[in-house]
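Listed below are the residues making up each chain.
Number of protein chains: 2
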Amino acid sequence: MNKIQEIIQGIKPLDLGIMEKTQVRLDNLTKPQGSLGRLEELAKIITGITGNENPGLENKVIFTLASDHGVTEEGISPYPKEVTAQMVYNFLNGTAGINVLSRHCGARVVVVDIGVAEEIKIKKDLIVEKINYGTKNMINGAAMSMEEAEKSIETGMRVFETELAKGINMAGTGEMGIGNTTASSAITACLCGRPIEEVTGRGAGLDDKGLEHKIRVINKALEINRPDPGNPIQVLSKIGGYEIGGLTGIILACGFYKIPVVIDGFISGAAALIAYKLQPKIKDYMIASHCSMEKGHGVILSQIGLKPLLDLGLRLGEGTGSALAMNIIEASVKILSQMATFKNAGVSERTK
Amino acid sequence: MNKIQEIIQGIKPLDLGIMEKTQVRLDNLTKPQGSLGRLEELAKIITGITGNENPGLENKVIFTLASDHGVTEEGISPYPKEVTAQMVYNFLNGTAGINVLSRHCGARVVVVDIGVAEEIKIKKDLIVEKINYGTKNMINGAAMSMEEAEKSIETGMRVFETELAKGINMAGTGEMGIGNTTASSAITACLCGRPIEEVTGRGAGLDDKGLEHKIRVINKALEINRPDPGNPIQVLSKIGGYEIGGLTGIILACGFYKIPVVIDGFISGAAALIAYKLQPKIKDYMIASHCSMEKGHGVILSQIGLKPLLDLGLRLGEGTGSALAMNIIEASVKILSQMATFKNAGVSERTK
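Residue numbers (the numbering used here), protein chains in the order written: chain B, 75 to 426; chain A, 75 to 426.
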């Protein structure tokens with residue numbers, strides 16, 4: 075059995091016994107029952123995921139995977155593809171959006187070059203696990219080979235395991251890759267069986283004409299590749315990206331190792347969708363951080379059955395939504411561990 | 075001119091010049107323009123409120139005002155009224171929801187007894203500014219005198235000024251008072267001109283019968299008091315509460331002193347509504363933290379014209395929504411101060 079199958083088959087349902095106990099504890103805390111809404115849901119889920127009645131979420135890690143996309147040759151992004159590498163330098167310098175928001179929530183950012191089209195010259199704080207120098211242009215055939223698709227998922231799993239050894243209580247997904255909303259829309263159209271126009275948005279800011287062109291490009295890519303929705307790894311190989319495969323691996327590994335995984339926006343959502351199609355049980359380990367402005371994202375969330383925590387009009391990616399949501403998720407377990415019960419605090423319970 | 079009029083008339087529009095400069099700065103940061111959605115809006119508003127191009131929000135204070143309500147005699151809450159005082163002890167002990175969430179976001183909680191029906195025996199960390207020992211039962215006449223209503227607003231203003239001297243960059247509102255959703259629904263029905271049923275919810279967890287009874291009680295209170303929607307302080311005196319008046323004072327003082335004020339849920343919303351009716355300019359200084367499960371809250375938010383940041387099914391009060399939102403608001407100004415520009419980071423700008 076290969077690593078991917080081993081991880082997929084090792085993902086178990088949540089610990090329902092602990093979740094029931096958590097519910098009783100939540101109901102005894104000094105507040106009307108259920109009055110902390112989704113915080114209570116989150117606390118319960120985290121105990122079920124971790125199997126720990128008093129989980130702490132101090133060690134937070136956001137995985138930001140960078141990779142290039144051959145389909146940028148078609149002019150589907152308003153930004154030149156060099157921006158992928160330039161943004162990796164920005165990450166390593168600590169001055170991108172994800173750095174600011176990760177510091178703010180107390181998370182560590184793990185930056186992975188899983189397929190940037192050029193060599194990144196600064197190696198400090200960078201994990202280099204290049205599958206290749208960017209994918210091929212998917213309008214001419216598969217974006218990558220099946221071997222590369224599998225390798226990208228396995229790479230995500232291995233990167234996660236290495237970081238897990240240093241300590242992770244909660245993981246978040248993030249990415250950078252000019253052109254990757256195009257791949258994500260193609261994946262969403264294929265795996266959700268929806269018309270391309272319904273799942274394709276403006277990415278980094280296309281105008282109407284640019285959006286129409288992007289839809290035509292995705293249409294061509296789907297026609298030439300004819301990906302099989304019943305074979306998610308083949309879908310990844312034909313119309314995906316290395317960072318998407320890597321994130322799929324990280325998400326699945328989170329399930330295997332019982333670590334809550336916070337899913338960022340649309341591209342992370344496409345990775346989550348592939349993970350879900352490979353193993354539906356992974357859904358219970360996922361927390362959807364926010365609802366992206368990118369229209370395909372809502373389709374993914376409803377397909378998996380996730381309700382996003384935040385709706386702040388974000389569409390940056392990198393893991394920025396994950397970082398913001400992590401703060402709320404961490405708050406939920408502090409409620410569980412730090413609030414007094416009615417009995418301890420001497421507060422009267424409801425009389426009717 | 076009395077203190078209330080002085081503060082109301084001293085509230086000025088936001089600094090539009092600084093807000094324009096902030097927009098230009100935001101547009102030059104290494105991200106697609108507008109891609110951080112409401113974070114960008116928030117950063118811009120905070121510069122406009124404070125008049126500071128590089129605002130820091132380190133000093134965060136949540137004001138949790140506690141008071142009792144005579145209308146609890148009518149059995150409109152599932153909890154006995156002693157819970158108000160009991161929860162004050164819980165606040166002082168650091169083990170209530172607001173304590174946990176304030177510690178989590180790095181805010182200080184200022185607990186004020188502005189009208190609890192009994193003496194609180196622990197004075198450490200408690201500000202005692204009792205207007206009276208709970209309001210009167212509003213189904214028999216005014217909940218408080220006009221003098222008390224004015225005094226509650228002034229008290230909020232003075233409490234704020236005392237804390238401001240210790241340092242406040244961002245304030246949040248919160249409250250505790252068994253029966254105060256009844257007062258808040260009455261205020262909302264009156265000031266928004268809406269049927270009582272549309273603005274009355276289950277509070278701390280009433281069943282259907284309890285909810286019907288609560289609506290009848292509010293109806294009686296409005297019939298006997300006939301509050302004048304054109305006179306917000308009179309509305310406060312007839313059907314309000316001391317903590318609501320105190321929060322109105324704090325909110326108005328935030329406008330006067332150019333401090334962003336984060337509005338919690340329904341009861342804080344009723345206080346914000348009174349403040350808005352006294353001085354519509356105060357709207358620009360308010361940030362609505364979340365949308366409460368209590369149905370009247372949405373009516374208040376749309377009346378003032380505020381869009382809540384979070385929607386997490388909260389209905390606890392105390393300032394818990396404010397504390398959660400403060401984290402996101404603080405993130406917004408860090409984006410402004412810590413992210414690199416395209417130029418500084420050597421990242422290519424959009425080509426089309």
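Hints may be right or wrong, so weigh each one.
Claimed, not checked - Short, incomplete list of chain A residues facing chain B, as computed with Cβ under 8 angstroms:
1) 88
2) 112
3) 127
4) 128
5) 160
6) 180
7) 206
8) 388
9) 417
Worth flagging that the hints you see were computed from the coordinates, not collected in a lab. None of the values given here were measured: they were computed from a predicted structure. Don't be surprised by glycine CBs; every beta carbon is placed ideally from N, CA and C.
Evaluation of the provided hints:
1. 88: violated, 21 angstroms
2. 112: holds, 4 angstroms
3. 127: Because about 17 angstroms separates residue 127 (chain A) from the closest Cβ in chain B, which is outside the 8 angstroms limit, the hint is violated.
4. 128: Given a least distance of 14 angstroms, the restraint on residue 128 (chain A) is violated.
5. 160: holds, 4 angstroms
6. 180: violated, 11 angstroms
7. 206: Since the shortest Cβ distance to chain B is 23 angstroms, the answer is violated.
8. 388: holds, 5 angstroms
9. 417: Violated - the Cβ of residue 417 (chain A) stays beyond 8 angstroms from chain B, reaching only about 12 angstroms at its closest.
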